[in-house]
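J.: Here is how the chains run, residue by residue.
Protein chains: 4
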Amino acid sequence: MEQYLTQKLRKETVLRDPIHTYVYVHHQIILDLINTAEFQRLRRIKQLGIASLVFPGAEHSRFTHSLGVYEIARQITNYLAQTYPSQIAGDGLWDGNEQMITLIAALLHDLGHGPYSHTFEHIFKTDHERYTQMIITTPGTGINTVLRRVSPNFPRQVAAVINKTYPNPQVVQIISSQIDADRMDYLLRDAYFTGASYGSFDLSRIMRLIKPYKNGIAFSITGMHAIEDYVVSRYQMYQQVYFHPVSRAMEVILTSLLHRAKDLYTKSLTDKAVDSSFIPATLLPFFSGQSTLNDYLMLDDGTLMTYFNAWQYVDDPILSDLASRFLNRKPLKSVLLTSESNKYIPIVKDLIQTSGFNTNYYTAENDSFDMAYAIYQPNAKKPYTQIELINPDGTTVELSSLSHLIQVLADKQAGDRRFFFPKEMLSNPADDLFSGIYVDFQQYLNNNYLKAPKL
Amino acid sequence: MEQYLTQKLRKETVLRDPIHTYVYVHHQIILDLINTAEFQRLRRIKQLGIASLVFPGAEHSRFTHSLGVYEIARQITNYLAQTYPSQIAGDGLWDGNEQMITLIAALLHDLGHGPYSHTFEHIFKTDHERYTQMIITTPGTGINTVLRRVSPNFPRQVAAVINKTYPNPQVVQIISSQIDADRMDYLLRDAYFTGASYGSFDLSRIMRLIKPYKNGIAFSITGMHAIEDYVVSRYQMYQQVYFHPVSRAMEVILTSLLHRAKDLYTKSLTDKAVDSSFIPATLLPFFSGQSTLNDYLMLDDGTLMTYFNAWQYVDDPILSDLASRFLNRKPLKSVLLTSESNKYIPIVKDLIQTSGFNTNYYTAENDSFDMAYAIYQPNAKKPYTQIELINPDGTTVELSSLSHLIQVLADKQAGDRRFFFPKEMLSNPADDLFSGIYVDFQQYLNNNYLKAPKL
Amino acid sequence: MEQYLTQKLRKETVLRDPIHTYVYVHHQIILDLINTAEFQRLRRIKQLGIASLVFPGAEHSRFTHSLGVYEIARQITNYLAQTYPSQIAGDGLWDGNEQMITLIAALLHDLGHGPYSHTFEHIFKTDHERYTQMIITTPGTGINTVLRRVSPNFPRQVAAVINKTYPNPQVVQIISSQIDADRMDYLLRDAYFTGASYGSFDLSRIMRLIKPYKNGIAFSITGMHAIEDYVVSRYQMYQQVYFHPVSRAMEVILTSLLHRAKDLYTKSLTDKAVDSSFIPATLLPFFSGQSTLNDYLMLDDGTLMTYFNAWQYVDDPILSDLASRFLNRKPLKSVLLTSESNKYIPIVKDLIQTSGFNTNYYTAENDSFDMAYAIYQPNAKKPYTQIELINPDGTTVELSSLSHLIQVLADKQAGDRRFFFPKEMLSNPADDLFSGIYVDFQQYLNNNYLKAPKL
Amino acid sequence: MEQYLTQKLRKETVLRDPIHTYVYVHHQIILDLINTAEFQRLRRIKQLGIASLVFPGAEHSRFTHSLGVYEIARQITNYLAQTYPSQIAGDGLWDGNEQMITLIAALLHDLGHGPYSHTFEHIFKTDHERYTQMIITTPGTGINTVLRRVSPNFPRQVAAVINKTYPNPQVVQIISSQIDADRMDYLLRDAYFTGASYGSFDLSRIMRLIKPYKNGIAFSITGMHAIEDYVVSRYQMYQQVYFHPVSRAMEVILTSLLHRAKDLYTKSLTDKAVDSSFIPATLLPFFSGQSTLNDYLMLDDGTLMTYFNAWQYVDDPILSDLASRFLNRKPLKSVLLTSESNKYIPIVKDLIQTSGFNTNYYTAENDSFDMAYAIYQPNAKKPYTQIELINPDGTTVELSSLSHLIQVLADKQAGDRRFFFPKEMLSNPADDLFSGIYVDFQQYLNNNYLKAPKL
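Residue numbers (UniProt numbering), protein chains in the order written: chain E, 1 to 455; chain A, 1 to 455; chain W, 1 to 455; chain Z, 1 to 455.
Just so you know, the hints here were simulated from the structure itself, not pulled from any lab data. One thing to keep in mind: the hints can contain errors.
Just so you know, same-sequence chains aren't split out, so a pair can sit in one copy or run between any two.
As the list claims (entries may be wrong) - In silico lysine-lysine, DSSO-like type, Cα no more than 30 Å apart, as pairs: (1) K164 to K272; (2) K11 to K214; (3) K423 to K214; (4) K330 to K349; (5) K333 to K349; (6) K454 to K349; (7) K8 to K423; (8) K333 to K8; (9) K330 to K11; (10) K11 to K451; (11) K423 to K11; (12) K214 to K262; (13) K343 to K214; (14) K11 to K333.
Here the structure is a predicted model, which is why all the values come from computation and not from measurement.
Let's have the full structure, built from the sequences with the hints guiding it.
T.: See the structure below:
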């Protein structure tokens, strides 16, 4: 039933969207995919996870983002089909037969995300990209069932696009490259919902600069500054939203919370006195390292929050305190670190421990460089990461070789290192038993940096 | 410690908000209230509940709305304090001592909302307004503890403002009247997040029209059209967003789902063969009619969705089917009803039952008039519901007596009545066993109305 | 050279536009028309004329509006061609051969507007609609030269569309009807540039409701509220922007200024002592009633302002004072009139004359009902003025018969009558020689109305 | 009458503004200044001059910009007065007595701008900054008359702020520095009216970062990225809007047009055969180098366009052709230059001359570096040009020393050099008499650069 792939709806369907005005659906298969349980699950997972604790408007889900990526991919493939249709195979122009797989990969690219993915993966050694592949290729999922109607091999093809192993680099780059449908949607969407304007860039202009060539997607050199502006917007969103210190402070608490739960679980295996009955059946497989895809699909933001809610009333004082701090938004405080700061970290950790906080759970060093994002890395090992500008005569030039602005960002100098600690350490010493310790601790804080003590 | 009420923060705190740019917090008590568990709980309850299934962008919570209402109230009270400060008691101008209680009531007015309030209340006979009062006045809640620091009687005073029994009508009307901080925030916010522009109106202009007088808050007559525009925007949001047929169709499913669960529970009390073990401990008190405030505060959107998720795998076929339809967004279909339609309802219900659907759960009549909103009712019994325009000489005129446009809306002619039924009834008859029944059924649908069968 | 009409540009050209993001030009003829002197002249004529004196942001020209109308027409005709292509003549669907004439008529529909058209026409008995026809059909204009390249009869056909005598009612209604490309563009554009949000409506939704039928253009009945919202937005823009009292006050001054110039000219014909040398050669033909098309095309906002600038220094005290008031924005003041007011008008005019103002030039009655706009007149004599909603079965219903809201507006109750007078009459009596007269005059003003004197 | 300076209006007046929602006027003197003829004249001078020929929406005037600068200054001084009020002289905090002079200087800072200032100044050796000073300090102007009511010396003080010689550096820097009310308004305003989003930055955040110190205005270091974003926005507006090649091409035509007029005038002084009667009396003083302030104030965009309109019909073929090209928007074409290009310029100029174009008027080299703008020059000789970030302990750091991004921009690498030539040179050779020359010429154009000929 090959023709299912291109079967049109009798009447186009639209979904209202504040970013793209409408998301247009013209094909039965797209509608069928949206209506699967695995895709609807994305409604229950926030796009920015913890960041909504700092930017309260940012309560949007991975569901709307996925629709947005699809919509941008739809507009790009339409534009390519109209403007640069391939005449003969290998001419470097756009092959219209690739449209549907591009749209489907765009829609499904984030399918494997779970609640608070980054932190959850860190603790439980899961991997949302692997889950995406599994949901698409495992027989029996709603998604796989729909895709298989096209052909038995079609799920693997879709997975290959997302996995960047699909042979047509144009298709791959529309879905994932330095300037792809994914990044363009999330920047605009996160900017809109946070209310921070930094993520805005000129989507309609960039769309018109796109030009296919034999190694993928390039951009007309006449629009160099619009591309530059997009890269700087991305940099600004990282600096001002994604790396926000309070957001990272809440992430530290979540990490400690899951970490504590895991520590208690591990101890309970050998020590009957340690109670791990607070871990619900749906989470147990992750603690024991034996989770299945189905276990994973049962989780969402709401289930985790429901568990954390209950954990507030558990006997373990650290677990219940961390659960309460997370649920009721009590972030840690932080100071910036330089190389000079390193020698003072053990000293302040001692002071914190003396004040009664277990520093394993109540302090952390956190490096926004680690936080998973190359602003721009033209030399990275993964393929397809450069942004190529294309001359009238068809030759291409790498963006950072033309733009001094981008060159700086490519140097990866952005980001910071921070040390996180309980807010209590900043108490007015006069108010408290530990006043001497607090005074000592605060000596090391200097213009937002951890430094040699004043005097 | 009376002065706690007006104690300023050392440095103002701001929360980024896409509607008001910033929410400004200047007082310790406001920050303390925001940081209570009961207030943070509002992050986990969507402002529009089910409507996000139709307008996917509308994933915002009651938390951000509550901050927004506070911010508008803050701007209004600032404007009144600067422009119309009372000189002597009873002069009808604004008494600056009322500022803090106004801000606090604005912030807390929606505290008692729970997940899918409207439907939940309908099934379990709870009442979010009563919960708001309880959270504020019950000793031991985080909110009550903070408020009691002002004075033992202060929680009751705040509750009185929200309850509309507070003596100063200006304070009451800023929080709840036909044109109050609550409505102004939700119109703008819902418009922004749905992406539907209908809810926009000129907030900055309306703010400048506000004028206190001895019976409450009036609006300068020179801005009559701006007020008119606000009322029409509200009407449009009701027509196009809040009364959306697909949203109501999903609400019918949720109602049936909870209804079915309750029916099974009731039967299980007398019939051991009926299993009600699917009802989690946290929900049981609501089924047995013995819930406490604490039980209620444990619930949020995520907990309910977690339960519904599990209910998909329960043996009862109706419960599991409805849970799956709700979770995976499979709305019922609907047709419009007129008085002429009434006699055909039993006929089509028979056809639906014959097709295998229990019509108690799979059909419904639903009247958007009932859906709880008087667009504009100047003659309603509750006090303070008129919008008064004020002349230069201080005399006032009721809005609908000046505006023909508003008069029409006050007539309450808006809204519609619909009959909901399973989508399967619209199947192409050729495809199905029940084809004859489907053909019969579809005869009664005519230009979106339920009518006498075509020939 | 018939094919010139559909000749595509090698590469589409875009013009940046804040309302539609881009205006897309795909055809040589559209570019050629934009590049004519007559079309470029529209850059020098403000869309809202005098209103920019009240809403300073509204400095946009008829040039950008004309491009916007073209762009909306382009989107509509594209949508019709894709969604409702005619299969055989007379099937009531969209005939793709009509696209180019529709776009051209959209672009050119306002070509005959001159500076301050409404006032200028009133004084000099010119007519911008007639000029539009002349520019299109007169051999030798740039526009005519371009159009004639299509065929000798083509200019007349384009003129017929604008004139509403073209046989295809769909084409005519896209350009001029109650809900046409013209009105849709100017509402959005005027709202954007004034900063008044009232004119906003949901263009993208309305575009998707459009449906051709044999009598013209109808709108899907399911979107009735979106259409309703558009009509109310139009009403609000009239009430709050186009009928703004200060704007009308400035228009009264302009009228008086041109009126005074004309009176002096007429007198000078018979009375050598009266000097009319202040009238520049380019304006003279209008005073003598012998203007040609070329004379008209020489005028724009800048030329008139240049003359008015000079008139400030002319000997006639009334002319120079009015010129200075207009140039430096010194509006008259106004009060509302009711039928009861009529008898007091002669009395206050006497007082004004006694204060030293010639009431022929310094007072006026002005009725916004007269100001040329039927909000909605389904029964008007001109054809094509109704808004028709279309049922699934193809039958149509007139909008106001379905919507109570629109019915009220159709009753034409909107607008007001005002009496304009010099601001000096409101002077604090203590400050001035004429204090007694001012006191008397001010007795008649009461809550913004002209009324019986307060005791 | 010193108190006139701070005299409040009985009721605040607002002007609607799409950028700041409202411009608030609270003082009589501000209203009086706005109502002078010199200030109203700014309505007739476009903010972006020629750029509206490329970005058609950009038809806004210097009038609205001046109001916007005033409004931003108003918000800044209010914020400073509330947050950092000076306690004793010399404490580096904000002295509330400086508010009014700051607002007035903000309002008047652009008063001396004339039509197409940059080009006009270039040809006629005038200087808009000098005119600003003259309008303020020359007895008899409307502005001077108002200011003198404060005190005889007050006009000079206001002029000193604009001139940067006023003793309080905080006042000076609010009006003119790298990040002042002027730049902040024009970036936002030009972005809004062009529809190019590049100029957007987070005004509300930046306002909250401002901190006075003894050398002027600094910005809290915690907001470094918001400041960075502002500087990059400025860079992008220069690259994408202000330096737009077509805009510069039109500027070249205007320059040539005025240049030709001046050449004809100069010749006519000695050669009776040369006619210069086309120069109107109002422009003559500029040609003869004897213009007065009054002559200057008579000019605006409309007057110049009126003259150019007439010049289309003058006998001199170059003058009339250039006038027509300017009026009807026929830009020159351009190519980029590198140092390598220099040797080819004489060659292509020869070819152009041979084609019949006088290269004195029809070609130009134009360097956007020259175009008057240092993106960021911390080391410039003029005082007050650095952006200082301020630490919690009061020490300051210069922006580019912290931000790699800004360091690049400070290097002044932005901009380009272009060679402009008539579009005719790009004609399809087959179409024309000069085909051989065109072929030769086009050999030198290569990927938008002027280069060695392609073989």
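J.: Each hint should be assessed against the structure and marked as holding or not.
T.: Do the hints match the structure? See the list:
Proximity of K164 and K272 under a CA criterion of 30 Å is satisfied in neither setting, with 48 Å inside one chain copy and 56 Å between copies. Taking the shortest alpha-carbon separations for K11 and K214, only the inter-copy value of 22 Å comes in at or below 30 Å, while the best intra-copy value is 35 Å. Neither within a single protomer nor between protomers do K423 and K214 lie at most 30 Å apart by alpha-carbon distance, with minima of 55 Å and 33 Å respectively. Only within a single protomer do K330 and K349 lie at most 30 Å apart by alpha-carbon distance; the minimum there is 20 Å, versus 54 Å between protomers.
In this assembly of identical chains, K333 and K349 lie within 30 Å of each other by CA distance solely inside one copy; the values are 14 Å within and 62 Å between copies. For the homomeric pair K454 and K349, the shortest alpha-carbon distance inside one copy (18 Å) is at most 30 Å, but the shortest distance between copies (69 Å) is not. Proximity of K8 to K423 under the C-alpha cut-off of 30 Å is restricted to the inter-copy arrangement: shortest distance 20 Å between copies versus 58 Å within a copy. In this assembly of identical chains, K333 and K8 lie within 30 Å of each other by CA distance solely across copies; the values are 22 Å between and 54 Å within a copy.
Taking the closest pair of Cα atoms, K330 and K11 come within 30 Å of each other only across two copies (18 Å); inside a single copy the shortest separation is 50 Å, beyond that limit. Proximity of K11 to K451 under the C-alpha cut-off of 30 Å is restricted to the inter-copy arrangement: shortest distance 25 Å between copies versus 65 Å within a copy. Within a single copy, K423 and K11 get their C-alpha atoms only as close as 57 Å, which misses the 30 Å cut-off; across copies the closest is 17 Å, which meets it. For the identical chains of this complex, K214 and K262 are neighbours neither inside a copy (50 Å) nor across copies (55 Å), given an alpha-carbon limit of 30 Å.
In this homomeric assembly, K343 and K214 never come within 30 Å of each other (Cα to Cα): the closest approach is 53 Å inside a single copy and 36 Å across copies. When the C-alpha separation of K11 and K333 is checked against a cutoff of 30 Å, the pair qualifies only between copies, where the shortest distance is 17 Å, while the shortest distance within a copy is 54 Å.
The structure fails hints 1, 3, 12 and 13 (numbered hints given earlier, in ascending order).
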